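Chain order of the listed sequences is A and B.
So this note's numbering is basically just the index in the first sequence, starting at one, shifted up by 651.
So this note's numbering is basically just the index in the second sequence, starting at one, shifted up by 168.
Incorrect hints may have been included.
Stated by the list, open to error - Cut-off 25 Å, straight-line C-alpha distance, at most; resulting in silico cross-link-like pairs (DSS-like, lysine-lysine):
| hint | chain 1 | residue 1 | chain 2 | residue 2 |
| --- | --- | --- | --- | --- |
| 1 | A | Lys766 | A | Lys843 |
| 2 | A | Lys838 | A | Lys734 |
| 3 | B | Lys456 | A | Lys838 |
| 4 | A | Lys816 | A | Lys756 |
| 5 | B | Lys456 | A | Lys748 |
| 6 | A | Lys816 | A | Lys843 |
Said to hold, decoys possible - Now the in silico label distances, taken between C-beta atoms and shown as ranges:
| hint | chain 1 | residue 1 | chain 2 | residue 2 | range |
| --- | --- | --- | --- | --- | --- |
| 7 | A | Glu760 | B | Glu347 | 33 to 39 Å |
| 8 | A | Leu839 | B | Val296 | 27 to 33 Å |
| 9 | A | Ser879 | B | Arg306 | 33 to 39 Å |
| 10 | A | Lys734 | B | Asp406 | 50 to 56 Å |
| 11 | A | Arg909 | B | Gln425 | 43 to 49 Å |
| 12 | B | Glu357 | A | Leu839 | 17 to 23 Å |
| 13 | A | His882 | B | Ser339 | 35 to 41 Å |
Honestly, the hints are just simulated from the structure, not real lab data.
It should be emphasised that the depicted structure is a prediction, and the values quoted were computed from it without experimental measurement.
Cβ coordinates follow ideal geometry from the N, Cα and C atoms, glycine included.
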Amino acid sequence: MEVDRADGRNPNQLRPLACSCSILHRAHGSASWSQGFRFIQTSHFYHFNLFVFTSKCYFCYWVGSGDTKVLAAVYGPKAGTKKNENPEKASIEVIWKPRTGQIGKPEKEYEIILKRTLQSICILTINPNTTTSVIIQVVHDDGALLPCAINAACAALVDAGIPMKHLAVAICCCSAESGYCILDPTKLEEQKMKGFAYLVFPNSILSVLPEGSSLVQGEPMEHGIITSVTHGAMSVDDYFHCLERGRAASAKLSDFLRRSLQSKLPGDLSKAE
Amino acid sequence: MDTRLANTWRLTVNEKRFIETALSSGIRIDGRNPFEYRKLSIKFGREDGSSEVQLGQTHIMGFVTGQLVQPYRDRPNEGTLSIFTEFSPMADPSFETGRPSESAVELGRIVDRGLRESRAVDTESLCVLAGKLVWAIRIDLHILDNGGNLVDAANIAALASLLTFRRPECSLGGEDDLEVIVHPPEEREPLPLIIHHLPIAVTFGFFSSESLLVIDPTHHEEAVMVGKMTATLNANGDVCAIQKPGGEGVLQSVIMQCLRLASRMASDITKKIKDAVETYNTERALRKIKRHPTSITLDGSVNLKEKLNEPSGHNVVNELSRKHLEKPRLASAENASSPGNNGEGESKSSNFGRSSRRDGATSNFVGGAASW
């Protein structure tokens with residue numbers, strides 16, 4: 652039941668991830684997140700299989716495999732809230748900038764989804780009557796744009812030092828006609844598939860879950876879903892299938908996010924001007 | 169109202185005085201000479217016509233796209249060029265979304281005048297069918313980080329992306345030769361734009377004491393300076409545009425000095441842009457040779473014959489790649505035999521956490537690609 656993917660990945664394989672923080676100087680926090688390769692340099696990388704410690708070397712001449720790259724910047728907390736926001740809590744403002752063209756309804760929708768997702772992970776009671784602005788700039792879009800943006804926004808919030816309960820990791824799963832589930836599709840794959848879902852899971856604050864860790868009604872916290880946006884039609888079973896796959900892959904993403912944020916220098920220069 | 173005041177950034181009086189006093193002894197706060205540019209780096213994205221320019225701390229991205237439209241009535245043989253500048257709130261806390269501010273409009277106009285009115289881009293070659301269809305080239309400039317001197321950096325970004333932009337080739341066909349066929353890039357190689365010369369903008373800042381003048385002001389210096397002038401010149405010594413929007417009056421001799429300096433800077437920057445574009449073009453050509461849709465099959469085996477051998481030090485890699493022709497077969501056999509992996513994907517996670525530092529404040533973490 653192998654599904655042919657144009658770039659030779661197998662269905663559970665994510666594109667290579669890259670995350671860098673503190674790339675902008677004026678912004679209080681900034682991060683760029685990219686899934687996939689940039690074709691400027693030819694490069695090879697080593698891939699370690701989880702079960703068998705072998706290294707495979709791929710030349711990255713993925714044909715037509717693009718990269719989705721998003722830049723996120725955070726300013727905040729700034730004084731004051733907007734008129735229709737609750738002044739008893741901190742509020743989050745999201746501005747989404749597409750690559751080219753005017754800002755239209757799809758951009759507004761992304762802003763709303765991102766805002767609600769970030770509101771659920773930030774601790775809003777700490778700085779009441781303030782606004783934290785998150786600005787997203789799309790550098791390149793090749794599938795799974797919203798998950799990429801959510802991941803970038805989380806990294807940027809950490810870079811800015813905004814208090815949060817836990818992080819979120821986002822992933823895109825799509826389901827093919829055959830009922831098979833594919834992770835991290837490219838734009839072409841998204842268009843061809845029957846339906847796809849953007850899923851956001853909470854990132855565990857512990858790297859190794861102790862036995863009998865905090866269970867909420869019999870399920871560990873990590874099994875919760877913060878956000879789910881679906882496009883297209885898929886059966887209920889397909890959706891649950893996607894959820895499972897997504898959850899498993901989110902563990903990898905969590906790991907990657909944790910490592911990339913830990914390697915940042917402590918005691919960074921203060922950016923408050 | 170109060171909150172807006174609270175959120176703006178303003179330079180303190182002490183900082184202002186410090187900058188001015190230092191300048192009067194010829195010292196700039198970032199250690200440059202008064203007539204020295206900051207470090208310029210020009211990078212290109214994967215697609216044709218996208219560039220990323222960093223001038224010191226100023227960071228700007230440019231994207232060029234093209235569309236077929238109807239021409240203007242009074243110019244039926246010419247294509248159009250339009251420039252859109254986005255002062256993203258990412259760049260500066262005082263930038264807001266919505267209506268472009270004065271400085272955004274000014275920047276757009278300066279870049280526009282330099283490119284369009286000096287006829288740097290050949291618009292007649294953009295005509296496909298006179299009076300019916302022409303190419304409309306659209307340049308989007310996104311300001312990501314305002315470290316000062318946005319005009320110069322934006323100009324360089326616009327030029328770099330125009331030089332690397334490729335438009336699809338069109339031909340006339342059908343009955344009467346009136347149907348326009350746009351060839352996709354896989355069919356026919358897309359064409360570059362015809363650019364006659366490169367107009368480079370050079371910005372000068374004037375300060376309250378006479379004859380104090382700096383090139384490429386940072387945003388601290390911009391908050392202190394009392395007047396500025398942008399001169400757009402090309403490497404041939406032609407003055408394409410000069411913009412001095414009010415501010416303190418300066419002597420004629422100072423203006424002439426500025427123009428002489430600007431022409432020197434312009435030839436430097438032109439060379440840098442051309443070098444960067446050359447490198448990009450060679451890489452692009454290399455990439456085209458290797459791009460074959462049939463060479464990567466499902467089991468991961470790669471047609472080695474089509475690869476151009478990378479020079480030096482990749483022999484080890486070549487051997488490993490031969491070994492890997494067998495390994496994926498084993499691996500896929502493994503995967504097939506253990507379907508109860510619980511959906512554990514082979515997501516690429518790098519064990520080479522390479523952190524590199526830029527200006528001591530950036531940290532880079534790449535998962536997957538070991539780049540050198």
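Now the hints, each set against the structure:
1. The hinted pair formed by lysine 766 of chain A and lysine 843 of chain A fails the criterion: a straight-line CA distance of about 29 Å is larger than 25 Å.
2. With a CA separation close to 38 Å, the supplied pair lysine 838 of chain A and lysine 734 of chain A exceeds the 25 Å bound.
3. Restraint check for lysine 456 of chain B and lysine 838 of chain A: satisfied, since their Cα atoms lie roughly 21 Å apart, inside the 25 Å limit.
4. A threshold of 25 Å between alpha carbons decides the hint, and for lysine 816 of chain A with lysine 756 of chain A the separation of about 30 Å lies outside it, so the pair is violated.
5. Under the criterion of a C-alpha separation no larger than 25 Å, the hint pairing lysine 456 of chain B with lysine 748 of chain A is inconsistent with the structure, at around 31 Å.
6. Distance hint between lysine 816 of chain A and lysine 843 of chain A is unfulfilled; the C-alpha atoms sit about 37 Å from each other, more than 25 Å.
7. Evaluation of the 33 to 39 Å hint for glutamate 760 of chain A and glutamate 347 of chain B yields a pass: the beta carbon distance comes to about 38 Å.
8. Look at leucine 839 of chain A against valine 296 of chain B: about 28 Å separates their beta carbons, and that is inside 27 to 33 Å.
9. Range check, serine 879 of chain A to arginine 306 of chain B: Cβ separation about 36 Å, and the 33 to 39 Å hint holds.
10. At roughly 53 Å, the beta-carbon separation of lysine 734 of chain A and aspartate 406 of chain B lies within the given 50 to 56 Å, and the hint holds.
11. Against the hinted window of 43 to 49 Å, the Cβ-Cβ separation of arginine 909 of chain A and glutamine 425 of chain B comes to about 56 Å, which falls outside the hint.
12. Checked against the hint of 17 to 23 Å, the pair glutamate 357 of chain B and leucine 839 of chain A passes, with Cβ atoms roughly 22 Å apart.
13. For histidine 882 of chain A and serine 339 of chain B, the Cβ-Cβ distance of about 37 Å falls inside the hinted range of 35 to 41 Å, so the restraint holds.
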